[in-house]
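Could you put the whole structure together from the sequences, leaning on the hints where they help?
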Amino acid sequence: MTFNKLAEKTLTTKGELTGIIDRLEKKDLVRREVPPEDRRSFLAVLTPAGERVFAETFPAHIAHLKQRFEQLDNQDLEQIRVALEKIKKLF
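In the working numbering, the protein residues as written are 11 to 101.
Source of the hints: derived by calculation from the structure; they are not laboratory data.
There may be inaccurate statements among the hints.
[To be verified] Restricting the straight-line Cα-Cα distance to at most 25 Å, the calculated cross-link-like pairs of lysine to aspartate or glutamate (DMTMM-like) are:
1) LYS24 x GLU80
2) LYS24 x GLU35
3) LYS19 x ASP38
4) LYS76 x ASP86
5) LYS98 x GLU26
6) LYS98 x GLU18
7) LYS37 x GLU18
8) LYS15 x ASP86
9) LYS98 x GLU80
10) LYS15 x GLU35
As structure tokens, then:
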């Protein structure tokens, strides 16, 4: 994923993201690649170790979130959705 897209999806700045990617690179979980079609940007690519960590952690994270969000009714979920849309527009 490009740094721009990753920053947008995680609601972080490109500066914050650079630090995060630096730390993940030191742990050998991601690597930077330059896409041939746009040599001014970078892609963050999971390494095999990063793929393993993702495969181990993501399903548990989703299960945890699902368990929590299932406790909310439709009205609560709609209020959260509207609030998140407002926050997204700020960025």
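Quick rundown of the hints versus the structure:
no.: 1; hint: LYS24 x GLU80; result: 33 Å, violated
no.: 2; hint: LYS24 x GLU35; result: 16 Å, holds
no.: 3; hint: LYS19 x ASP38; result: 22 Å, holds
no.: 4; hint: LYS76 x ASP86; result: 14 Å, holds
no.: 5; hint: LYS98 x GLU26; result: 17 Å, holds
no.: 6; hint: LYS98 x GLU18; result: 9 Å, holds
no.: 7; hint: LYS37 x GLU18; result: 23 Å, holds
no.: 8; hint: LYS15 x ASP86; result: 29 Å, violated
no.: 9; hint: LYS98 x GLU80; result: 23 Å, holds
no.: 10; hint: LYS15 x GLU35; result: 18 Å, holds
Of the numbered hints listed earlier, those contradicted by the structure are 1 and 8.
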